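Based on these hints, arrange chain E on the given structure of chain G.
For the record, the sequence lines run as chains G and E.
My numbering numbers the first residue of the first sequence as 143 and each following residue consecutively.
My numbering numbers the first residue of the second sequence as 143 and each following residue consecutively.
A portion of the hints provided could be inaccurate.
Copies of the same chain look alike in the list, so a pair counts if it fits in one copy or across any two.
Unchecked claim - No more than 30 angstroms apart at the CA atoms, straight line, and that leaves these computed lysine-lysine pairs for DSSO-like:
id : residue 1 : residue 2
1  : K178      : K599
2  : K149      : K178
3  : K624      : K178
4  : K178      : K257
5  : K599      : K575
6  : K575      : K279
Keep in mind the hints are simulated off the structure, nothing from the lab.
These numbers were taken from a predicted model, which means no experiment stands behind them.
Number of protein chains: 2
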Amino acid sequence: MPTDYEKLMDVVREVGRFRAIGELLDWDQETQMPPKGVTARADQSALIAGLAHQRLVSDETRALLERASADDGDFAAATNIRETRRAFDRAVNVPTNLVRTIAKTSILAKDAWAKARDSSAFAEFAPSLGQLIALKKQVADHIGFKTEPYDALMDEYEPGAQAAEIATLFDDLQAQTVALLGRIQNATHRPDASILARDFPVGRQETLSRRMAEAMGFDFDAGRADVSTHPFCTTIGGSGDVRITTRYDEHFLSSGLFGTMHETGHALYEQGLPAEHAFTPMGDAVSLGFHESQSRLWENLVGRGRAFWSHHWQGLRELFPEALSDVSPDDFYRAINTVGPSLVRVEADELTYNLHIILRFEMERAMFDGSLCVADIPEAWNDRMEALLGIRPPNDREGCLQDIHWSLGAFGYFATYALGNLFAAQLFTQAEKDLPDLDNQIAAGHNAELLSWLRRKIHCHGQRFSANDLIERVTGEPPSMKPFMVNLTAKYTDVYQLAPTP
Amino acid sequence: MPTDYEKLMDVVREVGRFRAIGELLDWDQETQMPPKGVTARADQSALIAGLAHQRLVSDETRALLERASADDGDFAAATNIRETRRAFDRAVNVPTNLVRTIAKTSILAKDAWAKARDSSAFAEFAPSLGQLIALKKQVADHIGFKTEPYDALMDEYEPGAQAAEIATLFDDLQAQTVALLGRIQNATHRPDASILARDFPVGRQETLSRRMAEAMGFDFDAGRADVSTHPFCTTIGGSGDVRITTRYDEHFLSSGLFGTMHETGHALYEQGLPAEHAFTPMGDAVSLGFHESQSRLWENLVGRGRAFWSHHWQGLRELFPEALSDVSPDDFYRAINTVGPSLVRVEADELTYNLHIILRFEMERAMFDGSLCVADIPEAWNDRMEALLGIRPPNDREGCLQDIHWSLGAFGYFATYALGNLFAAQLFTQAEKDLPDLDNQIAAGHNAELLSWLRRKIHCHGQRFSANDLIERVTGEPPSMKPFMVNLTAKYTDVYQLAPTP
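Just chain G, same shape as in the assembly (with noise of 0.2 angstroms):
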């Protein structure tokens, strides 16, 4: 006879299949799918999206729930138990008719979305993002928050998180990178970027982002790499199969280049979570300001260092030789580190990437407390960049429209992908303590030892730990922006030759 807890975990992993099949429906719209299939994936998004959650917020979760229960120093139980619990309370006062509203609109939206950035025409996309918000604020009504509705909505992509909490943060973060960025703008010692911007065929830089991966760890028996307007990863069958996407931009190598291994670092987190517990909470990631760590670690803190590219640097310039031959790695290593203010997040340097996130924090929690209104938008958001990062820009698909996020009612996820820049740096410095040869390891193009080291410390532990426990159990302090400025303090010290502070 199966416990209480087996068929509690039944269920749980029914739930997660009904998501994968979700993510599925979700990778080929944006991979595969034709034009003229989105009306019926639509309804079929929906269909799956009510049955996921109406199997979750049952009367047998509900019983079974309330009757499971783990055996003494049983952590995986226990932790499947609480997070199914946290899940459920969640979902339970959340209509399943407005699940699958919220699902098929977003799949419309998503389409919406994509020909108006085509177009650059806000207006055109308005209409889906005005019901979109007005869906996702009965969902925070009905989940229920302290102090603003907008915490209930982050609290889906990182538990326990409170916008109140996270301005605090942010403030402290602003002051000091815009601080750190007044001292390299002032700096007169300027690395050379262009020579990203040079030709790179996009056939050979599909086969540098292969590379880049296998040399990663990534295991292709088990995902696989594709091409979509807007990066991502996602986990169709636990992980054993967990996919990734790239855009190549001939002129900009470092968009396919980093974006792959951005999403790498994403996967290589999917493909470490313990496959005997697939689809239950001890198989799943702490949090997305975590799983950013991952793919933010493997970026900048491996991708963008020099021990990296004094390994990959020759295999590189054999690629691109009319691209590259003039260049020293040491140029490519300045290339790669430069800062300024730009308008597209996702090829933002690493420290003014954090600027870009705080204008979506401040602006989603606006549009949440109603001090926004869907048609000031555009406005507000040119006003706001130009404000943070001195730069108007020209047009919307520069602008509010070049994020996918609100398309899919994501609001409330952006916060985690500044977290996750600060999670990276905690997590980095903790593995060169614990590590010590691991520069000389990445410089001779062995990447195990840290792929190793994270699988022990974080991806094993699936949702065992909250995202601060974590942190605090594996570098010994609790979530700090030190070592992240620390860091860049040090880089750009070296890349901008910048005169030391008084």
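For chain E alone, kept in the frame of chain G given last:
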């Protein structure tokens, strides 16, 4: 207030939605999924297949079927009620658990089959095959049958088909085929088919495939084309998302070329079904035999005809100048119409193709009446191949492991391929009567009028008429093998310069 009929259609559309999601899971497995994704995929497919079945056989469906009625003259409603009742009656006695088990087993069996085929080791596939036969026997018993279990399985693909009747038809077909084959084998004139085995680079074959599909009228905004081990056509999102696959052989042009025309023929039917009836019987194909009539009509009656190549020959030669510079259009026409015993069904010529079908039909019938056990399949296959075609497969890869169907549990399917050949000839003969200018149009590269005729005569009707009724309605004759034999006799008399029969 929606009527009972409208409520019934909501259920039917939801069942259709589940089926379409199941199709996506399958398509993805065949074309995209990494190897380690198979375990999770098996569970996902089982989940969706179970839900589709559960919804179809629910008490709600039963009650709605009892109450729903069509207004006088509303043939769409009458068709939908009739065919939903048929589907309900077939499904209602089959336990949902059995449906789930078959779905899961077949996903794993497909994987086992692909591996066994690669290493030409039937023993590796035998356990899965044994399981599937046993499971499908249970299905046949639950559905019920008058004469033999195999009838219950055939009925899924060709409503009303009876093995005994098909066997009689096939006896006649075999006799006439063997007679014509004998005359061809005795002919002194032999066309040179080796030109099709020259160097045809795959990249340019892909260009050709795309061109052929477009020439036939395939809408790439409502579909896509990919590569898979076993070519197929599947419908993911009604007429708005129809996908075909092809496989290419650098040293056999026909495989990719006629494979694409074949699957495009299927796809044109799916893209031509009435969109307003999507996911209901009125928006579905009549039968698999009828489906195959569409693919074979385009592949053989159009694609292996002189008219078609009088338009496309120039482009073909420009695409493959090295391979075809010394070939005349007439040489090419004869090459693509050579006849001879061969091992692989999908690459067989028009005449011997049906013998491959007869072999499979006889073997499956024997599996289900208990006279053929799994272990004996390879030898039985090889013996029968030798008796029918005079050649013996050197290995199982080219013998009993060549087809994907058994790994899908699709027993009872093969006969529809031969029926499709016969229907195709009847339909094309009628099209030539209805469209006196047809040959000239095809020769001028205009296939739109033929497609429009098919849409008007067949596609727009969905399942309004049974296969036999529709053939009679369109051609004025009941199903018959006469046009098929007449066409082929005329063609081969020309190609092989056969002496007239006394």
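| message | Run through the hints listed earlier and report the numbers of any the structure violates, in increasing order. | response | Hints 3, 6 contradicted; others consistent.
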